[in-house]
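Novice: Following the hints, complete the assembly by docking chain B onto the known chain A.
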Amino acid sequence: MKDYHVLLVEPNNIMLERLSSVVRNTKGFELVFRSRDPQEALGQGGAFMPNLILLDIDTADSVKTVLDFVRAFPQTGILCLSNYWNAQIASDVVKAGAKGCLIKPFTTDELAAAVNTFGNSGMGMLSEVMTFFSPKGKSGKTTLIANLAMALAKKSGENVAIIDADLQFGDMSVFFNLDPQSTIVEATRDINLLSPITLNSYFTPITENVRVLCGTKRPEFAEDVSPKAFADMITMARSLFRYILIDVPPAFNPISVTAAEKSDKVYLVSMVSGGYEVNHMQRALDIFKVWPDYETKVKTIFTRVEPCEKQEQDNLEKSLEYPICSILPNEYLLVSAAANNGRMAVDIKPESPLARSIDQLAAKICDKQYQVR
Amino acid sequence: MQNKSGEIKMAEEIKNGMIMTVFSTASAVGKTLLSINMTAELAKSGYRVCVVDLDLQFGDICNYLKISPQKTIYDFQKNVENEQSTLDCQDYITQYEYQGISFSVLAAPRKMEEAYNISTQAVIAILSGLRSEYDYIVLDTTAAFSELNLAAMDLSTIITFVGIVDFIPTIKNMKVGYDTMRSIGYEKNKIRFILNRNNSKTNIELQDVEQLLEEHFYHVLPNDFFTAMDSLHKGIPLVIDRDTTALGQSLQDLIDKYTNRMRASDTPNAPLSSWMKKLFK
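Protein chains in written order, with the numbering used here: chain A, 653 to 1025; chain B, 14 to 294.
Hint data in this document are derived by calculation from the structure and do not stem from the laboratory.
If you're wondering where the values come from, they're calculated on a predicted model, not measured in any experiment.
We put the beta carbon where it would ideally sit given N, CA and C, even for glycine.
One or more hints might be untrue.
To be verified - Computed beta-carbon distance windows for the label pairs:
(1) A:D876 to B:R195: 53 to 59 Å
(2) A:E958 to B:Q262: 28 to 34 Å
(3) A:P975 to B:F238: 28 to 34 Å
(4) B:I217 to A:G809: 50 to 56 Å
(5) A:D876 to B:G248: 40 to 46 Å
(6) A:G809 to B:A164: 45 to 51 Å
(7) A:D1019 to B:Q103: 57 to 63 Å
(8) B:Y111 to A:D999: 43 to 49 Å
(9) A:K807 to B:E110: 56 to 62 Å
As the list claims (entries may be wrong) - In silico DSS-like links for lysine-lysine, alpha-carbon gap of 30 Å or less:
(10) A:K869 to B:K203
(11) A:K880 to B:K185
(12) A:K962 to B:K247
Just chain A, same shape as in the assembly (with noise of 0.2 Å):
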């Protein structure tokens, strides 16, 4: 584990105090230079090497505080500290450099966690929310979302969350053989309570960086979960992670439509079977047309598609009069192998060609990215 040498700018003298000690009790790291002056740690501070700066940011400029700091010390790692979480100062702060925001006191798990998150993940406001919407669900949507999270992950090597929002029935705990501490409705429940860090814990691990914050365990406690606080869990997650996938459940609900409207894009996915699923899939585009930009922001997956080739693509993408983003070949068997064994996360072959085509749709997804927002 990498030593960490911490510079602590703490205005309140007993706080200053109080997080000296847990800085002093996390393993790993040192304390090096302290002080309840922005000015003085700018200006003194270099002379002790820090590589992380905890920096307190309840003050009347923060953004500017931070914009110094990154001048001053453009190698250093910046988390910022608030006595409460503020999304709009938080997205302001890692726009201008920080790291991420850490809410105070914390624990010495917590320092440890933070700097591990933010390590990984680096930029957390640049986040990329996508919320799965099908219109009748048994869409092949949760094989999907497990599917291209792994894929995003290893394309990119940041943070990938999956919430699974679907909360009667949603299977992303099956698919996966989870069996979670908390869940959805937990981390609802205590948001107002949580800052990124202890809302990373909410979240269960598949892998070094992909995270699942598992649906309810029984349908009734889904009316625990408020569109409020969901919304506003989704805002501090955008902290924690490079890209959310949410899965919700099928039809137009208070929570489906809360996902979409905190999402920078809307993935409609409909499985190919010869019914009316075209007819639906344009209701459903319908609904979207309100958002002035719809055609950018609300993507269609067909799913089973056969033969999956481009001719399928363009003769769908007539029917529906609307762009078509991506077409998934039907494995109906290997699919469910998978779910069966809760082993979606290893199960599904790379060379497999619905691995093909999820990952294809993942470098779609990173290209944009790196385009200027």
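Specialist: Below, chain B alone, put in the same frame as chain A:
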């Protein structure tokens, strides 16, 4: 349509219809197909039947029957809300007729925003209105414990709980759904498990599922994807024109069980069938 508006009904004609909800915890398991065929088969036996599309946002009943309704449940509920002590159901239903078999359809709203604005209270009022005019009201639903679906199930005599055995998450949700229904007080014999597509590709044994559910399947429908698809593309319930297929037969058997009916083919004592029918009418 026999009971046109304005016609005075005789006392014995006022019905107290049975509501049957078709429900599932997974989408695309065949609820709509089953609803339509239950309705058609009941109509074939001479009952007055209405099927109501409670998949308000993405309902498929009219698609599967290829009918274009003039009025929908949205128009009906608007009237319920506005005043109307005397609900005339016939103004809002669409009649489906094929080869002398006829039943009523209360269609899902045409527009999505209309679907958004339908209150559960209004639907309850509509259902009790339909009850006085029909022997059977079949409700097609969505795969969710929504306020509307719960109200519909409360009113129902029988809940047809459709499932498919494809993979574990689906079965988990069936179990979770069943436990939920039991926990809110539904009697065991109110809930009838129907397994659809029995022979579809799967390595899960039927017995294992029954063991997990701690219930037996009340009825098992054979897998016949082609007949099912063909029927919905033609817009004709398969119990009408494909009644000799295995799936058609099985759907008729289900209604036999539900209505305690014996069909001519089951017994040489043919008159019994009509006698039974009268008894349960």
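Novice: The structure should be examined with respect to each hint, and the outcome stated for every one.
Specialist: Hints and how they fare:
Distance hint for A:D876 and B:R195: a CB-CB separation of about 21 Å, inconsistent with the stated range 53 to 59 Å. Taken as a hint, the range 28 to 34 Å holds for the pair A:E958 and B:Q262, whose Cβ atoms sit roughly 30 Å apart. In this structure the supplied range 28 to 34 Å holds for A:P975 paired with B:F238, their Cβ-Cβ distance being about 30 Å. For B:I217 paired with A:G809, a C-beta distance near 38 Å fails the hint of 50 to 56 Å.
A:D876 and B:G248 have their C-beta atoms about 43 Å apart, which keeps the hinted 40 to 46 Å range intact. Range check, A:G809 to B:A164: Cβ separation about 50 Å, and the 45 to 51 Å hint holds. A beta carbon spacing of about 58 Å between A:D1019 and B:Q103 agrees with the range 57 to 63 Å that was offered as a hint. Separated by about 47 Å at the C-beta atoms, B:Y111 and A:D999 satisfy the suggested range of 43 to 49 Å.
The hint said 56 to 62 Å for the Cβ distance between A:K807 and B:E110, and at roughly 57 Å that hint holds. In summary, the hint linking A:K869 to B:K203 is supported, as the alpha carbons are separated by about 25 Å, within the 30 Å threshold. A threshold of 30 Å between alpha carbons decides the hint, and for A:K880 with B:K185 the separation of about 29 Å falls inside it, so the pair holds. Taking the CA atoms of A:K962 and B:K247, the gap is near 29 Å; set against the 30 Å cutoff, the hint holds.
Of the numbered hints stated above, those contradicted by the structure are hints 1 and 4, listed in ascending order.
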